[in-house]
Structure formats: C-alpha cells, structure tokens
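Asker: Under the numbering used here, the first residue of the sequence shown carries the number 581, and numbering increases by one thereafter.
To be clear, the hints were calculated from the coordinates, so they are not data collected in a lab. The C-beta atom is built at its ideal place from N, Cα and C for all residues, glycine as well. Accuracy of the hints is not assured; some may be wrong.
Calculated pairs, DMTMM-like style, for lysine to aspartate or glutamate (alpha carbon to alpha carbon, straight line, at most 20 Å) [claimed, not checked]:
| hint | residue 1 | residue 2 |
| --- | --- | --- |
| 1 | K751 | E770 |
| 2 | K816 | E770 |
| 3 | K751 | E726 |
| 4 | K901 | E888 |
| 5 | K751 | D819 |
| 6 | K801 | D819 |
| 7 | K801 | E813 |
Quick list of simulated restraints, FRET-style, between CB atoms [what the hints assert, rightly or not]:
| hint | residue 1 | residue 2 | range |
| --- | --- | --- | --- |
| 8 | Q837 | S738 | 53 to 59 Å |
| 9 | G659 | I776 | 43 to 49 Å |
| 10 | G864 | R746 | 46 to 52 Å |
| 11 | S842 | F779 | 20 to 26 Å |
| 12 | G864 | E658 | 38 to 44 Å |
| 13 | G864 | G741 | 29 to 35 Å |
| 14 | F670 | M765 | 31 to 37 Å |
| 15 | L627 | L715 | 23 to 29 Å |
| 16 | G864 | D714 | 50 to 56 Å |
| 17 | M867 | D822 | 28 to 34 Å |
| 18 | S863 | I776 | 49 to 55 Å |
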Amino acid sequence: MRKNSCSIAGITNTILLFCRKRRKWEMHGITEQTAEREKASHGDIFLPVNSYHCLVPLTYRELALHWHEEMEITLIREGTSDYRVGQRSFRTQEGDIILVPPYCTHSAFEIPGRTMVSDSLVFHLDLLGAQGQDLSASKYLRPLAEGQMQMPEVIRPSDRGYDEIREVFLKALECFQNRPPFYEMLLREELLHIVILLFQFGYISKPDGSRNSQTGRQQLKTVLQYIDEHYREKIKVADLADMSGFSESYFMSFFRQYVGMSCISYINHYRIQKAAHALEETSGPVMEIAMDHGFDNISYFNLQFRREFGMTPRQFRMRQKEGA
Numbered sequence: 581m582r583k584n585s586c587s588i589a590g591i592t593n594t595i596l597l598f599c600r601k602r603r604k605w606e607m608h609g610i611t612e613q614t615a616e617r618e619k620a621s622h623g624d625i626f627l628p629v630n631s632y633h634c635l636v637p638l639t640y641r642e643l644a645l646h647w648h649e650e651m652e653i654t655l656i657r658e659g660t661s662d663y664r665v666g667q668r669s670f671r672t673q674e675g676d677i678i679l680v681p682p683y684c685t686h687s688a689f690e691i692p693g694r695t696m697v698s699d700s701l702v703f704h705l706d707l708l709g710a711q712g713q714d715l716s717a718s719k720y721l722r723p724l725a726e727g728q729m730q731m732p733e734v735i736r737p738s739d740r741g742y743d744e745i746r747e748v749f750l751k752a753l754e755c756f757q758n759r760p761p762f763y764e765m766l767l768r769e770e771l772l773h774i775v776i777l778l779f780q781f782g783y784i785s786k787p788d789g790s791r792n793s794q795t796g797r798q799q800l801k802t803v804l805q806y807i808d809e810h811y812r813e814k815i816k817v818a819d820l821a822d823m824s825g826f827s828e829s830y831f832m833s834f835f836r837q838y839v840g841m842s843c844i845s846y847i848n849h850y851r852i853q854k855a856a857h858a859l860e861e862t863s864g865p866v867m868e869i870a871m872d873h874g875f876d877n878i879s880y881f882n883l884q885f886r887r888e889f890g891m892t893p894r895q896f897r898m899r900q901k902e903g904a
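I would like the entire structure built from these sequences, with the hints used as guidance.
Answerer: Printed below as a string of structure tokens:
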C-alpha cells in the first residue's frame, strides 16, 4: 500500500509548496521545472495521480499558496482547518469534500489548538481522456482541464449528491492505495465517475462571463510563472502590470483578489520559502543565500524571514540540523 504525506516541494509551473513535518522540509522526488507541465509531481506520466494523507499540525502548519495543472479532491476525515481556494476563504468541517479545479490557487492553515485529518487525490484529467477527440472530451473534460469550468470550493454532507460522491471518492482512494489487479483501469473508472457525478449534480458548470474569468486566470498564470523564473532578480510590480495589460493600481487589486495577498507580499513569501530550502540543503553563508534569492539587503531579508518563521535564518538552520 502506498500513501504519501502531504510533503511536496518544487511544484512545476508554479508556486512552491512546502509542508513541515517534524521540523524537516521533505522532498518527495519532485523536480523544480518552470513554465512546463509537471513531470512526476503527482504520480508519473503513465499514471498521473497520487494520494496524500495529511495530519495537521504534524504534516504541516501552513500549506503555502500553490497551484497545479491537476484537479484535487480532499475529504476532511476529522477536525478542522482554514482553507483558501481561489478567491474564497473558509473553515473546513468534518466530512467536507474540498474541490480544487486545475490552475486554481489554494492554501491551507492550521487553527491553533485544533487538529485535522484529510485524504486527497490529485489527478491529471488527461488520465480520464481530456485530450481525446470524442464529444465527451471536447464538451466536458478538456474545458475542465483547461480551467474553463467553475465548481464550488466545498461540498458539505447536507449538500445534494454528497453521499454518492463521497462513496466513489473512497473507492478511488482504496483502489489507488491497495492496487488490486487491473487497478489502473479501475482507478480511471472511479475518478471519471466522480467527475460525472459532479456534472450530474450541477457542481461543475461554465461560469458567467467565462471568457473574462478564463482570461484572468491565464494572466495570473503568466505572472506566477514569471515570478517563479525570475525571483532571484529584481521584479517590478509595474513590469508585471504591463505583462498583464493592466494599470499598476488595477493589477495590485487584481493580484490580491486572486491570490489573497499583495503582489509584494507574495514575492517576499516565495523568495523566503526558496531561501529556507537553501538554508537546509546547503551550507552557504546566510548573506550569500539572501543575495541569491532576490534580497539585496541582509537586514530586510532577516526581517522577512523572522516574519515568516518566527526566528532568524541562522536559528532556522540550526533547528533543521537538530531535527535531522
């Protein structure tokens, strides 16, 4: 049986996702490549699906903002935590089913003094035939895979179709983890069944003004990819605004609306997360790591690092070594 903890780093295309476990940043064989489709980040090219079992706060205290090409479905087994999916923030409840469509930013946070247990399936819609030439691909799966459809962030036990969706999700999870004979085809069948149920119960639909919504997501994707590729360099908000075709003031509002924080805060957060990984994995001087991750002022780097982790970079490095 294979079950992964939620410990992903270096998500391709994307924003860095780190889950902290026993004070150790863990890597699970995921490469850091940018502006390309993820490779072996959630499963592999032959079976692009994976499951993640999370125990909050043991697995993570903060699941940093990130996005990916795959669809993600999470069942809250017990407890509660704070989630943000797209532009909506909410508090989970036991039994909730969290839906994250492709290309949608999302994050999660521990509620101090509370715990949460969840299971997730993350799968690429190509597995279900999104690139096919048949009507089901062109009408349903491909628009969903390309981020052209909308769905609610959460389905609660009292909502329509909940029992059916939960039952099929658990079948898919069991199939993936236990790998019975012919599990590859059985798993695809169960995942497709989930998507069909989401359509049948009206949870997946084309958004009103879908063209504007799709354009906004594409512009955000372009900006996030640029930050991922150039975070070591000086990045000007004005340049990002020009790239999006917005005025600087509108861009700042647009970014906060979609991501949930200011553009400057996000860039600092992203750089600090990358620098934290370098502090653990290398023995280079703190100043050198700061300069190599977009900070030209060591005092400002230390300030931002303390805001992010509640300790100095040197203290962080020492704690990681002790935890190892």
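Asker: Does each hint hold? Answer for all of them.
Answerer: Verification of the hints:
no.	hint	result
1	K751 x E770	7 Å, holds
2	K816 x E770	46 Å, violated
3	K751 x E726	26 Å, violated
4	K901 x E888	19 Å, holds
5	K751 x D819	48 Å, violated
6	K801 x D819	15 Å, holds
7	K801 x E813	19 Å, holds
8	Q837 x S738: 53 to 59 Å	29 Å, violated
9	G659 x I776: 43 to 49 Å	30 Å, violated
10	G864 x R746: 46 to 52 Å	48 Å, holds
11	S842 x F779: 20 to 26 Å	36 Å, violated
12	G864 x E658: 38 to 44 Å	42 Å, holds
13	G864 x G741: 29 to 35 Å	53 Å, violated
14	F670 x M765: 31 to 37 Å	35 Å, holds
15	L627 x L715: 23 to 29 Å	25 Å, holds
16	G864 x D714: 50 to 56 Å	53 Å, holds
17	M867 x D822: 28 to 34 Å	32 Å, holds
18	S863 x I776: 49 to 55 Å	52 Å, holds
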